Amino acid sequence: MAVIRDVMPAFELVQPNSITDAQKVLEQQGESWVLAGGMDSFDWLKDRIKKPRVVVDLSGIAELKGVRATADGIEIGAMTTLTEVVEHAVIREKYKLLAESAELVASPQIRNQGTLGGNVSQDARCWYYRAGWPCYRAGGNICYADTPEGRNREHAILHADRCVAVNPSDSAPALIALDAKFVIRTAKGERVVDAEDYFIGPEIDITRLHILKPGDLLTAIRIPSTWAGARFYFEKVRDRNVWDFPLLNVASAMVVPSGSIERIRIAVNGAAARPLRLKVVEDAVRGKPPNAATGEMAGKLAVMGAVPLQFNAYKIPLMRNLVKRAIGGVQEATWTS
Amino acid sequence: MSKGDTGSVETTPRVYGAGHKLIGKNYVTADLYAKVTGQAKYAEDFHAEGMLFCKLLLSPLPHARVKHLDVRQALAMPGVKAILTADELPPPADTLTDNGTVIRANPKSERALTMEPLYQGEPILAVAAVDEFTAAEAIEKIRIEFEPLPFAIDPLDTLRPGGPNPRTDGNIWVQSPTPPAVVGAPPPAPPPPTIGALKWTEAEFADAKYGRLPMGKTPDEWSFGDIEAGFKDAALVLDETFVTPDTSHQPLETRSALAYWQNGKVYVHTGTQSTAQTVPAIARWLNIDVSKVVLVSEYTGGGFGSKVTAGVSLIIPALLSKKANAPVMMRISREEETFIGRARPSLLGRMKVGFSKDGRIIALDMFVISNNGPYDANGDVPTSGRIVSLLYQPVAMRWRGVTMLTNTPPRSAQSAPGGLQGIVIMEPIIAKAARKLGLDQVAIRRVNCPEGKAPFGPEVKGKRPYATSAFLREALDRGAEQFKWSERVARTPKRIGTKVRGVGVSLSCYVGGTVGFDGLLVIKPDGRVNFQSGIGNLGTESVIDVHRAGAEVLGVPWEKCDVTWGDSSKNLPFTCVSGGSQTTHAMTRAAYATAMDARQKLKEIAAKKLGGKPENYDVANERVFRKGGGAGMTLAQAAKYAIQLGGIYDGHEVSADLNRRTKASAVALAGQGLLAAAKDNYPRDGVTFSYIASFSEVEVDVETGKYNIVDFLAYADVGSVIHPRSLGGQVLGRSILGIGHAIGQKWVYDPHYGAMLSTRFYQSKPPTILDVPVDMQWAALDIPDPETPVGARGVGEPPVGGGCASILNALSDALGDEIFQRAPVNADTILTSLEAGRPMQHPLMAHI
Amino acid sequence: MSDIEDPKTIECPPNTLTRRDLIKRVIVGGVAVSSASYLFRASTLLRQSAPGTGERLLTINVNGQQRRADVMKQETLAWTLRHKLGLTGTKLGCDRAECGSCTVLIDGVPHYSCSVLTHTVRDRKVLTIEGLASSDGTLHPVQQGVIDEQGFQCAFCMPGFIMAAVAFLKTNPNPTRSELAQGLSGNLCRCQDYDKILTAMMRGAENMRGASRV
Amino acid sequence: MDLLEWARNPWGQNIPIHIAWFLIWVAAIAGLLFLMVHATYIRYFAKARAFANTDSPVVAARIPEHVPRHSLTARMFRWVMAASMFTLLFTAFLPKVGFQFDWVTYHWIAGSVLTVSILFHIIHASFFMDFWSIWPDRIDLRDAGRRILRFVGKPAPPPDRFAKYPLENKLYHGAIIAAGLSSIVTGVFMMFRVRTIFFPRNPYLFNDMTWGLMYVLHGLAGVGLISLIMAHVYFGLRPEKRAITKSMISGWMSRDFYLKEHDPARWPVETSAPPARSQGARTEGLTDAG
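Protein chains in written order, with the numbering used here: chain D, 1 to 337; chain F, 338 to 1185; chain W, 1186 to 1399; chain G, 1400 to 1689.
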């Protein structure tokens, strides 16, 4: 049977307006596809790689949208658009790290439609996987990128296990650095997990980047006030300044009361199948001044055990330098002309 | 993040077209209102009653034979109307040139569909159905099995001893000689090329181990001067390998087409770079008479060489429409365009260059091979040699090259075909030489750049051909001044923190015009002048701009002028294709000739009616009148008289030297007013080229490998300026097209399956608005070319090479010569090389 | 788009056209005809395909008009606009949310209409390039800016750019070139006329400010 | 219901990628059913079993109290193999039934251990042990025939006692060889597809179809082993087989059991002159655990 990579296949569109209804639908319908902003989903559908019988559109569910103040920090509905996140006063004031990361996602139109929940739950962008090839991640038994001649410039340098795809999310490392909690609604009820536990690598499940099981819904992301107004650093390195996914990005939150790092959380993405929280680095720099020397040390520590593929060796110095900057900072260069 | 509006170049706005009323002046083109309101109809915007949609089945293999095909299930689906396969295509037709020469069709050339796909993504068959949804479902119901055949996506792989052949019978085109001319008979055409196999020895491949391009036998070679002597005398000899990327044209409008048959004629709506020349192409592809083809192409969403005469794929809806007896719309998806749309061939180049101590190039040994795709050979390889020989004026030069076939999508001319590649291979070497010789980058280009009737290429009949003119040195000097070159070079520090700045300059040039085409206009009895334009409307605005020259000659205000374009049934003249930057030059000449013809006829009419000799009359301000005052008449009156007089005056008789297509159009328009039609017979001493000096500054972050283009200036030597705004758009637009080759555009292929991985924009990386400075600068010398009456030369291609090369030179100025050996240059290249202290990227591997 | 009839007024395709009519309609205003033929084909499809059935006739507010159309569940807004409502000013450049040619405003916010399901904009206001000029034909200040500066080349990307600019300039009426570039960064121009586009859009901003003053 | 999972390779060709995982349950259930049927049969329906006893007291007297059965090396190999086999089965199938963990590393390490131990066993068995003792011989086949006849109530002479290994044991060993070797051979090649310490990763060693079949074979052998090992453990725990199981730990079996079940003529345990053969009286034996 021939293949065509154009024109969305037919599906039944269900548009619930409450989480409960959404869950009912997901329980009743077998192979159904959950549609948030759709910026990732439409690729799968238009390429006719995924052909769900039912698509459940969450855009009508008010309770999934908006930013609410909580007793301790804020709660962001999973269906809140990235633009709303970028522009929200409280986020800009207290959790700028998240705003900065969201602002660097794709393009303005995509941020107007793409949601925070979607951004953290999006699938890998490995070009073999996205071409619909039967790789491990697609349920097959091969990785086409990690072969003697495979093209793997954008692939993993850490924690690869058969699959070498990376997680492409920009907001994920920021949320990990902010110690965010992800609220998941499952058939059994509500479940809250730490940001870093929301993501899983191929060694655990090679077909998914996160812990959501069919029928589960990510409903909200809570950010505790623990890191409000901390010293933040976010940097994303990509080829083009619009649209492109990160080659690597880094997010850090530090509390530096008196010249030395008291508390710190730091994460990178684009290096492995899940955003990596760098606990080793955190422990190593705690109590040290946030300067170039500490940064150097942190950078070297961060890339320990990194294994380059044929075309992605650059990611090692890149990650080293990004971690270094996230802790030691970077000198702003301005020429007078 | 573009830092463009900090530290930008301030300029005094230049005034162009001194002494002219229309030429060199800005105005609003007639097509703009429709564009800006969304009324402008591109091919895909047309609809027809009962229109069917068609979808293509593409080959998943790079080279294979269809072993088994079963479409019954698809045909049985409700809503599926017809399926077209390769065996239903008309046989390729021969071409009859205007001088009667018959050019035999090449049976091995590309066709719209095939049962032996030669690249992944080549169309096998097409399904027409009531809608796209049904057509797509039908494609998935088709059973098809392939027999895989050997394939090569890398030109070096197929050159290796025992390497795979991209086509069953070889890997290169072989041209057998043209038979001798027979007296009386039309000049004979060369026989269609055949396919042969070229393999190099292991010994010849030895260099590849060290990242240097191996140099085996090549079918093509030329030289002038004594290069060995040159290398002996040289103060510095450099031997460098450089590889340029394969880049898709990616016009935003894909090659979609709508077709239907009425009264035995096929009506085709599609985008094209030439309304006039696409009609015979369609007739040839469908193997029908030209008179049976109507082409509608009012607006074309970009071409850049990929739609020179549209694309052969348009016969698919045409044939399906005949089969299903209904209009058929073929909407080409972006992915399909990536395959069947065209691309620029990558060139692998190796240059041995000998410099005197003042930087003069005294010997140049150039070797290039191209990655051509499986079908007809492109001119990039030979052109690269001629452009380099003109732009750097080497004292002695040898050029060798070969065009290699591969199982990758077909290539075609892309803005500055061969020119970009030649310049981009050459410029980094000049930059390196300047550093080694301690010379200023502008200075070393000054001593080498062409001037006046500069020679190029090898001798033809004992004499080297030469350019009509070149004022590049002046452009270089003025550009350096405007860009504050010396200030930027002197500025310290070069590095602040992790950021390093570098400046780059590049010369650039390309063919700037052809001659010998026709113009056609009618002065209507209401006094309005109607220009017939066969030029494609692909955004350069030359479709309208060139006629300003005619209006100026006729002394008619632009408000009284109309331009007819975009529909071959509307009697258009024989026009050049808008490719190779020929239009502005060729068609202003034709417009000028036509306007002169109209002036002459006006004077003759006046003389007939008012007495005296035609030469006693003059034409200006919409009147023809006796010199020194007295009797005269308006153009409106003259038009009425022309109709009364008939004959040569209203188009019933036209000059014999016109192209038959122009004659046909004139006949159709005869009697509507004063009809002027003329062929451009103006003499031209030399070949027309246009030139650009490009300047850029980059800021590189050595910790991330990321860089921004801080500033850019292109200074143009393109003859007289016709329309400053569209010229500026071309100069900067094509510069960025070149810049794209430096900062990211590429193809990525999986070598094992011969499949393209970079089918999406986020993978092939066309530049975005944030990848270039927010205020780029351009200027033009506005010095008329002495060999053309209007003085204007073409501009489309010349800026491209300079755009790319000036960025590469700025990068090596910032980072040194040990960073890259190929374009594009990205964070990965920069970081790995900086880590290692030498170029680390696989230098010769294709599509990484 | 006054020459376009509302599809709902056409029940079946007029099959009594002369050839001349057909060609005329094809080239000028064939849209009404096409949406008719679409209605026809859609209803046949309705019978044959199981998924995507259910209630498909919907009314959307486009350019201030209530427009009815028969829309498949998997249909994108770009497709509905172009093929059901005849609003072909909205272009499809990539159909994958990475070129911006299909940008329209939904409740004043720019979206890639190639990546919006029509069924999700039922109760929202859609504005396309065709709805920008006022009914008397006066161009929107941003459109006028393009005319003033001869912005764009092939202009296939133009409608998307203009819609993005119109929305951006509402939030930031007096931007620097860099800010404007950021605002327009979701749109690709392959003629790479970015510099002239920015100039034209800056002029558009100026025109808008001028217009708001009077 | 498809027994294999198929995929379309980059060239659009259909290739099997592995077995359908429900076969795991099929194998487990099959194993379970066998145990139940067998246990029930033994408990309620099994006829008394008879051997032709040919020992003269003289012979019996020559048999030592503890009949040596398995050398230390043989036993060590046996338990190493068992351990790696269990690791392989659990790391292979637990993730498939929902217990997700980092399994691949354990799997290929256990696989390597098994491979080495099997290689050792082959050499050891071929050169240092009575290689043929585990393969059915003519008498086994003859006796099998006789037993069947007696089972269906036809007259037939009683079968001889076993040699070192009962026929069932030999057949089981054969099945294990088949399943084990196929999973080992395919498994070794599959190590080219993951990162191991042995060789650079190269998934293109074979063409897609060959690889697919290899994965299928590996899977089938794997699920096959589930049933086989279930049966094996079951027998190991059955009362009448305990002596054999024990001997796999201690290395010896008692003279009584030896004389009941094994024919000194076919499995001589003392080096003196071969025992004289004679027909004669019979003794009631254990039930046949075929």
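Treat the hints as calculated values from the structure; they're not laboratory data.
All figures in this text were calculated on a predicted structure; none of them were measured in a lab.
Accuracy of the hints is not assured; some may be wrong.
Claimed, not checked - Simulated pairs of lysine to aspartate or glutamate, EDC-like, Cα-Cα distance not exceeding 20 Å:
1. Lys51(D) to Glu1464(G)
2. Lys50(D) to Asp123(D)
3. Lys51(D) to Glu788(F)
Claimed, not checked - Only some residues are given here: those of chain G computed to face chain D with a beta carbon under 10 Å:
4. Arg1477
5. Ser1483
6. Asp1501
7. Trp1502
8. Arg1592
9. Pro1599
10. Asn1601
11. Thr1609
Claimed, not checked - What follows is a set of in silico ranges between Cβ atoms, one per label pair, in the way DEER data are often shown:
12. Met452(F) to Lys24(D): 32 to 38 Å
13. Val1587(G) to Gly215(D): 50 to 56 Å
14. Ser906(F) to Ala1396(W): 55 to 61 Å
15. Met1528(G) to Ile49(D): 51 to 57 Å
16. Asn363(F) to Pro1358(W): 23 to 29 Å
17. Leu1402(G) to Glu63(D): 44 to 50 Å
18. Glu63(D) to Ala1396(W): 52 to 58 Å
Ideal placement from N, C-alpha and C gives every residue a C-beta, glycine not left out.
We went through each hint and held it up to the structure:
1. With a C-alpha separation of about 72 Å, the suggested pair Lys51(D) and Glu1464(G) falls outside the 20 Å cut-off, and the hint is violated.
2. At roughly 13 Å between alpha-carbon atoms, Lys50(D) and Asp123(D) fall within 20 Å of each other, so this suggested pair holds.
3. A distance of roughly 63 Å separates the Cα atoms of Lys51(D) and Glu788(F); the hinted pair therefore is violated under the 20 Å criterion.
4. For Arg1477(G), the interface hint is violated, the least distance from its beta-carbon to any beta-carbon of chain D being 32 Å, above 10 Å.
5. The interface hint given for Ser1483(G) is broken, as the beta carbon of that residue sits about 21 Å from the closest beta carbon of chain D, more than 10 Å.
6. At a threshold of 10 Å, the smallest CB-CB gap from Asp1501(G) to chain D is about 4 Å, leaving the interface hint in force.
7. About 8 Å separates the beta-carbon of Trp1502(G) from the nearest beta-carbon of chain D, less than 10 Å, and the hint is met.
8. Residue-level restraint check for Arg1592(G) holds (minimum Cβ-Cβ distance to chain D is 6 Å; threshold 10 Å).
9. The interface hint given for Pro1599(G) is met, as the beta carbon of that residue sits about 7 Å from the closest beta carbon of chain D, less than 10 Å.
10. A cut of 10 Å between beta carbons decides the hint on Asn1601(G): the least distance to chain D is about 6 Å, and the hint holds.
11. At about 12 Å, the closest approach between the beta carbon of Thr1609(G) and any beta carbon in chain D exceeds 10 Å, and the interface hint on this residue is violated.
12. For Met452(F) and Lys24(D), the Cβ-Cβ distance of about 52 Å falls outside the hinted range of 32 to 38 Å, so the restraint is violated.
13. Between Val1587(G) and Gly215(D), the C-beta spacing of about 40 Å breaks the proposed range 50 to 56 Å.
14. For the pair Ser906(F) and Ala1396(W), the supplied restraint of 55 to 61 Å is violated, since their beta-carbon distance comes to about 42 Å.
15. At about 56 Å, the beta-carbon gap between Met1528(G) and Ile49(D) stays in the expected band of 51 to 57 Å.
16. The hinted window of 23 to 29 Å between Asn363(F) and Pro1358(W) holds, with their beta carbons roughly 26 Å apart.
17. Distance hint check: the CB atoms of Leu1402(G) and Glu63(D) are about 45 Å apart, consistent with the given range 44 to 50 Å.
18. The hint said 52 to 58 Å for the Cβ distance between Glu63(D) and Ala1396(W), and at roughly 41 Å that hint is violated.
Comparing the model with each numbered hint stated earlier shows that hints 1, 3, 4, 5, 11, 12, 13, 14 and 18 do not hold.
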